[in-house]
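Just so you know, we're using the working numbering here: the sequence shown kicks off at 1 and counts up by one.
Derived by calculation from the structure, the hints in this document are not laboratory data. Among the clues, some could well be false.
Said to hold, decoys possible - Subject to a maximum C-alpha distance of 30 Å in a straight line, what follows is the list of computed DSSO-like cross-link-like pairs (lysine-lysine): (1) K150 - K252; (2) K204 - K272; (3) K178 - K223; (4) K223 - K154; (5) K40 - K104; (6) K272 - K223; (7) K272 - K178; (8) K26 - K104; (9) K104 - K178; (10) K150 - K70; (11) K39 - K26; (12) K204 - K252; (13) K104 - K30; (14) K204 - K154; (15) K204 - K223; (16) K150 - K30; (17) K204 - K178; (18) K70 - K178; (19) K252 - K223; (20) K178 - K154; (21) K39 - K70; (22) K104 - K154; (23) K42 - K30; (24) K254 - K204; (25) K267 - K204; (26) K70 - K36; (27) K154 - K40; (28) K42 - K70; (29) K267 - K252; (30) K26 - K42; (31) K154 - K26; (32) K30 - K40; (33) K178 - K254; (34) K70 - K30; (35) K70 - K40; (36) K150 - K39.
Since we're looking at a predicted model, the values are computed, not measured.
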Amino acid sequence: MQDKNTTESTFFQLSEPILSQDLWRKISQKVESVDKYVKKLKTVQLVQLMIHAEMQEYTSLDEISNSLNKEAFANALHLDSISTSQISRRFREMSTDVTDLIHKSIVQTLGVERGFKSLRQSLGRLYLIDASTISLCLSQYLWADFRETKAGVKLHQRIRFDGGDPIPDEAIITVARKYDKSQLEFLIVEDDDALNVFDRGYLKYDLFDHYCREGIRFVTRLKNNACVEVLQELEIDEESVIEEDLIVRLGKGKNRMEHDLRLVITKDTEGKAIMILTNDFTMTAEEIGDIYRYRWQIGVSS
């Protein structure tokens, strides 16, 4: 839970990367007429209000409007007051291209800070695939029900690292009740030099066999309850953070895979075992561990 007493100075310090002049100059250039005819509540002010509302966990437009009763915050935004109807109208009018550019900027910044650039240089093009659930009000979105008291949609996205800054290059929206693995085949990149990285929600043995046959590389986490047959133990350095490096076969009976895979076991910051699965036998075990660490640090949910 966020601290309800977050100061305005802390808010602007935290949101500074999102509100940089370079980013808003780019938005002004790429989004036609971004603030044309807008006399009050410019787009940058609207975004600032929304970031602040998220940090304060506001649940209504009234709370957002009333936040400007704090003189210091209102002065910092150069906005003395705004009605709920004005906020609602500006939401409807704002181009989704604005949020798309903000999203891409955040991903690019995180990718550089978390070290993906150096990792990509040694491993080729990386594609991160993951899904995030967005909750909705059940009474208003009955078509999106996925729990007894909840509704929601799921955003499946792919982020590309291939020579420049990380860029989201594909997205699919489904109802939240749909399994992640049903969307994997639409997001996977089949190029020889591509390395697809995704979470265990996308586990699907028949697709893994297909990827092995077609030379499509992937790295993923393995569920703890998976049926694993160890075929060979590979040598690891005594000083390595890697616990085990194994050649394995997954599944049993009619669900047994046709191809061998590689299973690297390491530990997270809390000392819990993490099982990382790949069909790439050329990478070092340490590189595979780094892919896991960087991939989940960037904040594409796990």
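So, going through the hints one by one against the coordinates:
no.: 1; hint: K150 - K252; verdict: 36 Å, violated
no.: 2; hint: K204 - K272; verdict: 24 Å, holds
no.: 3; hint: K178 - K223; verdict: 19 Å, holds
no.: 4; hint: K223 - K154; verdict: 21 Å, holds
no.: 5; hint: K40 - K104; verdict: 26 Å, holds
no.: 6; hint: K272 - K223; verdict: 13 Å, holds
no.: 7; hint: K272 - K178; verdict: 29 Å, holds
no.: 8; hint: K26 - K104; verdict: 12 Å, holds
no.: 9; hint: K104 - K178; verdict: 26 Å, holds
no.: 10; hint: K150 - K70; verdict: 34 Å, violated
no.: 11; hint: K39 - K26; verdict: 21 Å, holds
no.: 12; hint: K204 - K252; verdict: 14 Å, holds
no.: 13; hint: K104 - K30; verdict: 13 Å, holds
no.: 14; hint: K204 - K154; verdict: 19 Å, holds
no.: 15; hint: K204 - K223; verdict: 11 Å, holds
no.: 16; hint: K150 - K30; verdict: 37 Å, violated
no.: 17; hint: K204 - K178; verdict: 14 Å, holds
no.: 18; hint: K70 - K178; verdict: 43 Å, violated
no.: 19; hint: K252 - K223; verdict: 15 Å, holds
no.: 20; hint: K178 - K154; verdict: 8 Å, holds
no.: 21; hint: K39 - K70; verdict: 22 Å, holds
no.: 22; hint: K104 - K154; verdict: 19 Å, holds
no.: 23; hint: K42 - K30; verdict: 16 Å, holds
no.: 24; hint: K254 - K204; verdict: 14 Å, holds
no.: 25; hint: K267 - K204; verdict: 24 Å, holds
no.: 26; hint: K70 - K36; verdict: 28 Å, holds
no.: 27; hint: K154 - K40; verdict: 33 Å, violated
no.: 28; hint: K42 - K70; verdict: 19 Å, holds
no.: 29; hint: K267 - K252; verdict: 27 Å, holds
no.: 30; hint: K26 - K42; verdict: 16 Å, holds
no.: 31; hint: K154 - K26; verdict: 29 Å, holds
no.: 32; hint: K30 - K40; verdict: 21 Å, holds
no.: 33; hint: K178 - K254; verdict: 25 Å, holds
no.: 34; hint: K70 - K30; verdict: 34 Å, violated
no.: 35; hint: K70 - K40; verdict: 18 Å, holds
no.: 36; hint: K150 - K39; verdict: 38 Å, violated
The structure fails to meet hints 1, 10, 16, 18, 27, 34, 36 from the earlier list, while all remaining hints are met.
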